[in-house]
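Going line by line, the protein sequences match chains A and B. In this text, residue positions in the first sequence follow our numbering: the first is 699, and each later residue adds one. In this text, residue positions in the second sequence follow our numbering: the first is 66, and each later residue adds one.
If you're looking for bench data, these hints aren't it; they were derived computationally from the structure. The reader is advised that the hints may include incorrect statements.
Result set (EDC-like, lysine to aspartate or glutamate): computed pairs, CA atoms no more than 16 Å apart in a straight line [said to hold, decoys possible]:
id : chain 1 : residue 1 : chain 2 : residue 2
1  : A       : LYS1166   : B       : ASP75
2  : A       : LYS1166   : B       : ASP122
3  : A       : LYS1166   : A       : GLU1152
4  : A       : LYS1268   : A       : ASP1299
5  : A       : LYS1048   : A       : GLU1101
6  : A       : LYS1166   : B       : ASP89
7  : A       : LYS958    : A       : GLU904
8  : A       : LYS918    : A       : GLU904
9  : A       : LYS991    : A       : GLU1041
A partial selection of chain A residues facing chain B, derived with a Cβ cut-off under 10 Å [unchecked claim]:
id : residue
10 : ILE1106
11 : TYR1160
12 : ALA1183
Some chain B residues well away from chain A (every beta-carbon gap over 12 Å; in silico) [stated by the list, open to error]:
id : residue
13 : LEU82
14 : GLU85
15 : ASN129
16 : ASP134
17 : TYR169
Where is the CB? At the ideal position from N, CA and C, for every residue including glycine.
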Amino acid sequence: MDKLRNHALEIEPEMYQLAAELQQAKLALDTLNKELLREVSERKLAEDSFREGEEKYRVLLDGIREYAIFMLDPGGKVVTWNAGAERIKGYTSEQIIGKNFSCFFPPEDVKRGRPQEVLRLTAASGQQEEHGIRVRRNGSRFLANIVFTALRDRAGNLLGFSEFSHDLSESKESEAKYRGLLEAAPDAMVVVNQAGAIVLLNVQAEKQFGYNRDELIGQKVKNIIPEGFAERLIADGTRSAAEALAQQIGTGIELIARRKDGSEFPIEIMLSPLESAEGTLVTAAIRDISVRKAAEKHLAQMEGRYRGLLEAAPDAMVVVNQGGAIVLLNVQAEKQFGYSRDELIGQKVKNIIPDGFAERLVADALRSVEEALAQQIGTGIELTGRRKDKSEFPIEIMLSPLESAEGILVTAAVRDITNRKKAEANLLNKVEELNRSNKELGQFANIASHDLQEPLRMVASYTQLLSKRYNGKLDADADQFISFAVDGATHMQRLIQDLLEYSRVGTKGKELVDTSAEGALERSLINLSGAIEETGAQVTHDPLPNVLADETQLVQLFQNLIGNGIKYHKPGEIPRVHISAVRTDAAKWTFSVKDNGLGIDSQYFEKIFGMFQRLHKREEFAGTGIGLAICKKIAELHGGSISVESLAGTGSTFHFALADITSTQ
Amino acid sequence: MPLQVLLVEDSPGDVRLTREAFKDAKVHITLHVVSDGAEAMAFLAREGKHADAPRPDLILLDLNLPKKDGRSVLAEIKGNPSLQTIPVVILTTSSSEEDILKSYLLHANCYITKPVNLDGFLKVVRSIDNFWLSVVKLPPDGRP
Chain A
699 MDKLRNHALE IEPEMYQLAA ELQQAKLALD TLNKELLREV SERKLAEDSF
749 REGEEKYRVL LDGIREYAIF MLDPGGKVVT WNAGAERIKG YTSEQIIGKN
799 FSCFFPPEDV KRGRPQEVLR LTAASGQQEE HGIRVRRNGS RFLANIVFTA
849 LRDRAGNLLG FSEFSHDLSE SKESEAKYRG LLEAAPDAMV VVNQAGAIVL
899 LNVQAEKQFG YNRDELIGQK VKNIIPEGFA ERLIADGTRS AAEALAQQIG
949 TGIELIARRK DGSEFPIEIM LSPLESAEGT LVTAAIRDIS VRKAAEKHLA
999 QMEGRYRGLL EAAPDAMVVV NQGGAIVLLN VQAEKQFGYS RDELIGQKVK
1049 NIIPDGFAER LVADALRSVE EALAQQIGTG IELTGRRKDK SEFPIEIMLS
1099 PLESAEGILV TAAVRDITNR KKAEANLLNK VEELNRSNKE LGQFANIASH
1149 DLQEPLRMVA SYTQLLSKRY NGKLDADADQ FISFAVDGAT HMQRLIQDLL
1199 EYSRVGTKGK ELVDTSAEGA LERSLINLSG AIEETGAQVT HDPLPNVLAD
1249 ETQLVQLFQN LIGNGIKYHK PGEIPRVHIS AVRTDAAKWT FSVKDNGLGI
1299 DSQYFEKIFG MFQRLHKREE FAGTGIGLAI CKKIAELHGG SISVESLAGT
1349 GSTFHFALAD ITSTQ
Chain B
66 MPLQVLLVED SPGDVRLTRE AFKDAKVHIT LHVVSDGAEA MAFLAREGKH
116 ADAPRPDLIL LDLNLPKKDG RSVLAEIKGN PSLQTIPVVI LTTSSSEEDI
166 LKSYLLHANC YITKPVNLDG FLKVVRSIDN FWLSVVKLPP DGRP
């Protein structure tokens, strides 16, 4: 108010001079009036003088346009009117002079006798200042700053009042302040009046809508926010404008905005009321939410896609939040657990997977949720699922994390492994069965050796005794028959012994240990010493390494191969056998047993390793044909295989591989 | 008086074969035969029909016998101070290491696996005769 007064002082110094002059004129007039009765002739002159003074004063006042300045008589009737008053209040002097000043007040103020009260207070105090709403001739309201001054003569009689009023809505200063605030706001700000016209905006609004300020001021807000905003400002049958607005205050409303170029974008607006001289204005903070909307749309799309993927998955899929509640599932999950989707959504996952799943989602003192989860990702975990009918079935779940707006969700692929479990059980049964049958086979070999050999020993011994006692004493046929019986029994004994030996090789599950191949070879040569002496065979060897082997079996392997090399020698030639070993890779040695014997036709390369397979008649070479079958078995028990290369007539070389001692079995 | 040999053997074939082998070796022994473990103990204790049985100089004992088997018989002989000095030769079809070890632990004097053919068998019986009945000095008859 001081400012206004100062302002008034600044811009109107002449006015006070004028007021002083007016006072003088009035004094002059008084003097004249006193003399009027005395001197009628002088009257005209006096009147002229007054008129002259009044004219001067009027012209001066009319020069002031920013202030309404007028005078009231003691009753409140308008006596004078200036151009500023006409401009601000909308009345011409003809229209207002003589009318009571109460018409400048809003009806509600008039009702409670405010105009009279103001005059009374002014008369009492000499001067009264107030901020108040005033009404223009057209009914519109504005906020004004008003100074009333009581005018008295020298005797103190009330002559009337002067009123200085200023339309505050026009105040450059106040607007600048508000504008400063608007410009500082991060959002686009638009101030709209009750008629839906834009009265103020900030530079962000210019940018956002692509207009410059001048283009927008005075424009209908509908042009930039086509729907949903203007409607909110308007009263309807059931509510007043104030009520309509009150409902919107502070609420974020999502609308569509339109730029100058016609393009549209999503916005969120926040409304707040602004009391002003022109009535309640609405300040709208407008935020461009295209980025947020795009993100939301993207998320929705992702969720849509994710849902699609879920449904396409062959397994039951269940998405669970950190609270252990099911937030999403696919149709396979419905089928597998026997629930409908609606029954499962929001339910605790514990209801369908009672143990081991929910626990995995929970952090404990040692690990965070993320860590807890990370430990489970990608690992198949075998658990038990429970259907709606309470029946249980074995499942395997695979977990994977899913970042979402609600935090980390866990997607669990749940596979019914009933069939797999059955297959596993079957397999286990089969293995057991196989073990049992292997054991029985082993037992059979034992039976063959002990129980079958006993009666066979009787047959053999007594046919032999028969042959010994009665050879040549019966006829030639009898001798031959007895001889066949003896041969048959003897051969059968050998077969049974070999069979037993073969089965012993397989059942011996000895651990392979560091074994000197050279030592094993030496032992086998001792066992073969009879045959070596008999044939004059020459057995030579390269230095042999230590290998991982069962020594007894390795001795037998050498013995059988070298024994064969000696046994199947060419007539008239000294058998020569050479044993060597070559490292074929870091962990393996390949042994070769080479002889200069009869050799083997390549068509028999496989057959010779079979059980009781022989290439020669028993009359030529004794034996049951078990030797190489045993060799093959030993080679296989050592994790390798045995092979032969040979040309009939040029000798044979047998190869087998053994693991180096540095390799682990 | 010829040496008394007790053969504990349930197989008549083996009994005959043993008899034939001793005959073949042309040795003069008296071969007493019992066919199970219980009877063997009765023979040694001179019980029942064996009241007049002589004390054997050598026992040929099969392991697999009906009723009381050879292992029990061996244990009882070697656990009996009046019998333990009699040499016991285990003559059996078993070649299992377990049987061999167990027999020696029970103080068998030697362990022989019956050869599967006649020549082998004859050779073994001849060896027994030669070693135990000719080479070896047996303990004096009777108790220590």
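Verification of the supplied hints:
1. A:LYS1166 to B:ASP75: violated (25 Å)
2. A:LYS1166 to B:ASP122: Answer violated: LYS1166 of chain A to ASP122 of chain B is near 31 Å, above 16 Å.
3. A:LYS1166 to A:GLU1152: Answer violated: LYS1166 of chain A to GLU1152 of chain A is near 21 Å, above 16 Å.
4. A:LYS1268 to A:ASP1299: holds (15 Å)
5. A:LYS1048 to A:GLU1101: Violated - the C-alpha atoms of GLU1101 of chain A and LYS1048 of chain A are around 22 Å apart, more than 16 Å.
6. A:LYS1166 to B:ASP89: holds (11 Å)
7. A:LYS958 to A:GLU904: holds (10 Å)
8. A:LYS918 to A:GLU904: Roughly 15 Å between the alpha carbons, so the hint for LYS918 of chain A and GLU904 of chain A holds.
9. A:LYS991 to A:GLU1041: violated (32 Å)
10. ILE1106: Cβ of ILE1106 of chain A sits 66 Å from chain B, so the hint is violated.
11. TYR1160: This interface hint holds because 7 Å falls under the 10 Å limit.
12. ALA1183: violated (12 Å)
13. LEU82: Contrary to the label, LEU82 of chain B does not stay out of reach of chain A, its closest Cβ about 6 Å off (not over 12 Å).
14. GLU85: violated (7 Å)
15. ASN129: violated (9 Å)
16. ASP134: At roughly 15 Å from the nearest Cβ of chain A, ASP134 of chain B sits farther out than 12 Å, so the non-interface label holds.
17. TYR169: About 21 Å separates TYR169 of chain B from the closest Cβ of chain A, which puts it past 12 Å; holds.
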